[in-house]
Every structure is written in C-alpha cells, then in structure tokens.
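Fit the two chains together into the complex; they arrive one by one in their own frames, and the hints show the way.
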Amino acid sequence: MFSERERERYKRQMMLFGDEGQERLKQAEIFIAGAGGLGCPVSLYLAVAGVGTITLVDNDVVELTNLNRQILHYDRDIGKKKTASAEEKLREINPDITVKVIDTTIDATNVDRLVGTADGIVDAMDNFLTRYLLNETAHKKNIPFFHGAIRGLYGQATTIIPGLTPCFACIFPNAPPKEVFPVVGVTPGLIGMIQATEVIKYLTHDGKLLAGRLFVWDGREARAEEIGIGRNPACPVCGKRRAASTKKRKS
Amino acid sequence: MKVKIRFFARFRELLGTDIIAEPSAGTALSGLIREIAGKNQEGYDTIFDEHGAFREFVILMRNGKRVELADAGKVTVADGDEIAIFPPVAGG
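If you're matching them up, the sequences are chains A and B in order. Letter by letter, the first sequence follows residues 1436 to 1686 of our numbering. Letter by letter, the second sequence follows residues 153 to 244 of our numbering.
Please keep in mind that the hints were generated in silico from the structure rather than gathered at the bench.
List time: in silico DSSO-like cross-link candidates among lysine-lysine, alpha-carbon distance up to 30 Å:
no.	chain 1	residue 1	chain 2	residue 2
1	A	Lys1576	A	Lys1636
2	A	Lys1461	A	Lys1446
3	A	Lys1535	A	Lys1524
4	A	Lys1515	A	Lys1613
5	B	Lys191	A	Lys1613
6	A	Lys1515	A	Lys1535
7	A	Lys1524	A	Lys1461
8	A	Lys1516	A	Lys1461
9	A	Lys1636	B	Lys217
10	B	Lys217	A	Lys1643
11	B	Lys191	B	Lys226
12	B	Lys217	B	Lys154
13	A	Lys1575	B	Lys217
14	A	Lys1461	A	Lys1535
15	B	Lys217	A	Lys1613
This is chain B alone, in the form it adopts within the complex (with noise of 0.2 Å):
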C-alpha cells in the first residue's frame, strides 16, 4: 500500500514533502509518522516531544480531514491516502 506524507512550513524544510510511503496494513498513523520523521533528528524533534508524544500545536489531517492528536495512535493508514502534516504560525 502506498501512502503520501505532505509536511508543511518548517516541518517540510527538516523533512521534505510528498513523501511516498509504504507502510503494512495495520500501520498506525502516529507510527507512520514517527517513522519517516525519525530520519531527521531535528524534524523528529519539533513534531514530537521527549517522550515521543505529538506537540500539542500540530495539525494533522488525513484526506483534508483532521485527525485528533489523542486518536493519531488508534487510526489506520490505507492505500492511497493523503497525510498532511501542519505547524501553525503566530507571527504578525
């Protein structure tokens, strides 16, 4: 199955964009996304916490949905989906 990962702002210059990935059924998507963000420490580190938690500020979304933080460990992956991976900004 092939899923795209699309990191947005900051979080796309540490890790890139339009990730293709291929996870296995059943893959969470909380692990999908540590996974590909694991490959740069700093990316890794301004997406998750020290204990490996999201912060609390990320979006995320799947398929134009928004995906709660709290759920991104109990939801799936599926062929063909779409990841977006947001940090909003509060500059004015």
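Excised from the complex, chain A in its bound form (with noise of 0.2 Å):
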C-alpha cells in the first residue's frame, strides 16, 4: 500500500511499472557494496526510485580525492565515514524508505552475514577479490549479481543471475592486475546507472535483463559494445552447482 505522498512521489514511474512493479520496489532490499564511485550513483537512483530497503557497506573515510566522482559525499564530509556521508544524504533524498549502512570491510567471514535476506547485491567494489566473493555469495543465496566496473573513461557491466547466466568467475576466471585506476567521475555514473536500470528491472518484471552478455562502454570513442559470455561448464562457482541442480531434476 502507498500512502498519498508516494503515490505523488512516483507518479510519473508508476506510469511504467504500475502499482504492482512499484509495490515490488517498495518490497525489495538491495545490498550495494561500496559507497563510491559505482555505489554512490546507484545508491541515490535506486533511493529515489523507492527501493523499500537499501543496505550500503563501506569501511572507507571520505577523502578530497574521491570528490571528483563519488557523488553523495561533498566537500563538508572529507573525514567523515562514507557511511554516514551517503546515509544522511540517501535519508535526505527519500525519507520514505529505509536506508541501513554498514562500516565495515566484507570478507569471507562476514560476507554472508552482511548480505542476509537482500533480494540482489550490486557490484560497487574496486578489485576483484570482494567480487569473486559477493558472486560466490549471490549464487549460495540464489540472488542476482549486478556487476559494474570502470577505469578512465571505459566500463564494463553484466547483470548475472545464478542457475541462468554465466557467473563472475566463468566471465572472469582471472583478476586484472592491482592498480591506483585512472577515473572521471561520469565513467561510473554511466556504469552506475546500467546496473541501477539492471536493478529496477529485475524487480518489477520489466524489461529484459542484461544476462549472459557483457556490456562495454568505450567513452573515448563514445561506442557501446556487447561481448557475447558463455558458461564456463568446469566454473568452481557455479559449474558444480548447475550439476548438481541437473542430477537433482533427473532424479
């Protein structure tokens, strides 16, 4: 149910997903982990949009440096915990839905706990290792796994849904090397806004979905790509799972 104030705050989208795709957003609970270049974006798209319950996870303090891209956090905030940067702002933006931070590093110890029930976990990191470990996570709770990432004016997204698509580590089986990345703060704003529009489709039915397919932005030549990705049959992650679901439905 909406109380008259939402229906006025999201007329102009119940246009698209009517009552029904609105009440599922108003339902849902997404899990962004990181509150940066990627997650600030998302986060306030998705805040606006009334997703009922946004979980943000970050351990980082606000720097002058990060200014130039991650858009919840201003000049006021340098020191201050991302979390409560980009919470007072979300908070602000939408005090219609919940908004839940967390300060902390994820890890293979806390991952799953961090996560609970969140309907889908959208990829904000900045390296690969928490990656390989949200898609782990995303295909033992069986949830879907928004991935963006970006550097300089190039960006990549997919949107993985375990059992379906290939996952993370069928797409990539190694980490690019570890580096201090080039970036403007648009690249992850674009980036940013697919997974959100990933977001906002795969919870109101709407649309279809960016699975099984890597999205390339190249922004030096303005030229959008897809590269076709395939299931890797011996993936540690998701190989052993689609056998065992099969033996499951043969037997």
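Laid out in structure tokens, this is it:
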C-alpha cells in the first residue's frame, strides 16, 4: 500500500511499472557493496526510485580525492565515514525508504551475514577479490549479482542470475592487475546507471536483462558494445551447482 | 584471407582497432595477435608477459565466442573471422 505522498512521489514511474511494480520495489532490499564511484550513483537512483530497503556497506573515510566522482559525498564530508555521509544524503533525498549502512570491510567471514536476506547484490567494489566473494554469496543465496566496473573512460557491466547466466568467475577467471586506477566521475555515473536500471528492471519484472551479455563502454570512442559470454562448465562457483541441480532434476 | 582484429579499451589506445589482417592459411590465433601487437611494444607488453604468453586476465573472443587462452595456440583463424581482445577493468 502506498501513502498519498508516495503515490505522488512515484507518479511518473508508476506510469511505467504500475502499482504492482512499485510495490515490488518497495518490498525489496538491495545490498550495495561500496559507497564509492559506483555505489554513490547506484544508491542515489535506487533510493529515489523507491527501493524499500537499501543496505550500503563501506569501510572508508571520505577524502578530497574521492570528490570528483563519489557524488553523495560533499566537500564538508571530508574525514567522515562514507557510510555516514551517504546515509545522510539518501535519507534526505527519500525519507520514505529505509537506509541501512554498515561500516565494515566485506570479507569471507562476514559476507553471508552482511548480505542477509537481500533480494540482490550490486557490485560497487573496486577490486576483484571482493567481487569473487560477492559472486559466490549471490550463488549460495540464489540472488542476482549486478556487476559493474570502470577504469578511466572505460566501463563494463553485466547482470548475473545464478542458475541462468555465466557467473562472475566464468566471465573473469583471472583478475586484472591491482592499480590506482584513473577515473573521471562520468564513467562510474554511466556504468552505475546501467546497474541501477538492471536492478529496477529485475525487481519490477520489466524489460530484458543484461544477462549473458557483457556491456562494454568505451567513452573515449563513444562506443558501446556487447561481448557474448558463455558459461564455463568447469567453473568452481557455478559449474558444480549446475551439475548438482541437473542431477536433482533428473532424480 | 581476411581477418578483423578488434582491440578494446586500453588495448585499443595502444594498438588501434578494427585492424584487417591477411594471415596465411593455418595461422594460429595467438600467432596472429602476437604479430599485430608486436607493432607497438607497450601494447604487446600489456597483452603478453615476458615469456610471450597471454596475460591471464586477457579475454579473447573469436566470432563472439570465448577462446580459452590456453587454446589460442591451437585455434587457427579462418577467412572472415572477427577476433576481439578485451582487458577487463576493475575500478569502482
């Protein structure tokens, strides 16, 4: 059920999703891993779209060097925890949703508990190790994993649905080298919008997901392309699972 | 025979893209890429390691299908092939 205020707030998008779609957004909990370049725009747009519960996890403190892209953090927030800074802005922009923030580093010991009963995980991380961990958790919990990553003017995104699409480890069996990556805010802005669009489509059951396809953005050339991606039958994350579920179905 | 090579992102900056190569019959995929990338040392070094093997994060596609790096020396290219070479990015 919606209050008058909610009806008014979401009026223009309820033209797209109807009461039912909006209710699905309201009932959903989305877990966003990272409140940085990707996490800021993703959480901001999911908040204004009315995703009922947003859980945002980050362990960092806002630094001046973050401010060219991490748009939930303002100059006055330098030195504050990113979670506190993001929570304040998200609550202000939409008081009708629930915002939960967790100030910690995601690791193998806490990832299960942190993700909890969320309906989906948004990858807003800046490293592959945590992405592998989130991918595994998404598969364990059978929830989608919305991948995005950027460097400079380049970005990539895909939507991983356990049991249906190749998983993150199928697509990227090996991590690119670690580095302090160059970035201008528009790139995570753009890739973050792809991820947020995917989350909204997934929750409202609207449109066709970016599933089994890797979206590749080259901002330098202003070209968007798609790379078809396939499952790795020997994948340590989803290969076994697939085998196990096939066996189960047969028996 | 004509084969199109498409480099993406950082690889594209260093090596260009949509390169039409005319390899002889029986040319292995890895050999073709090595030859083209060899025109720019920095470009070559971002794709291959010091032993001349593909760096393990490189994604190789032939006609929209993934080619395992370990198989690139065995797979031969054919007329009309489109080869894509892509470096995943990790920032966020």
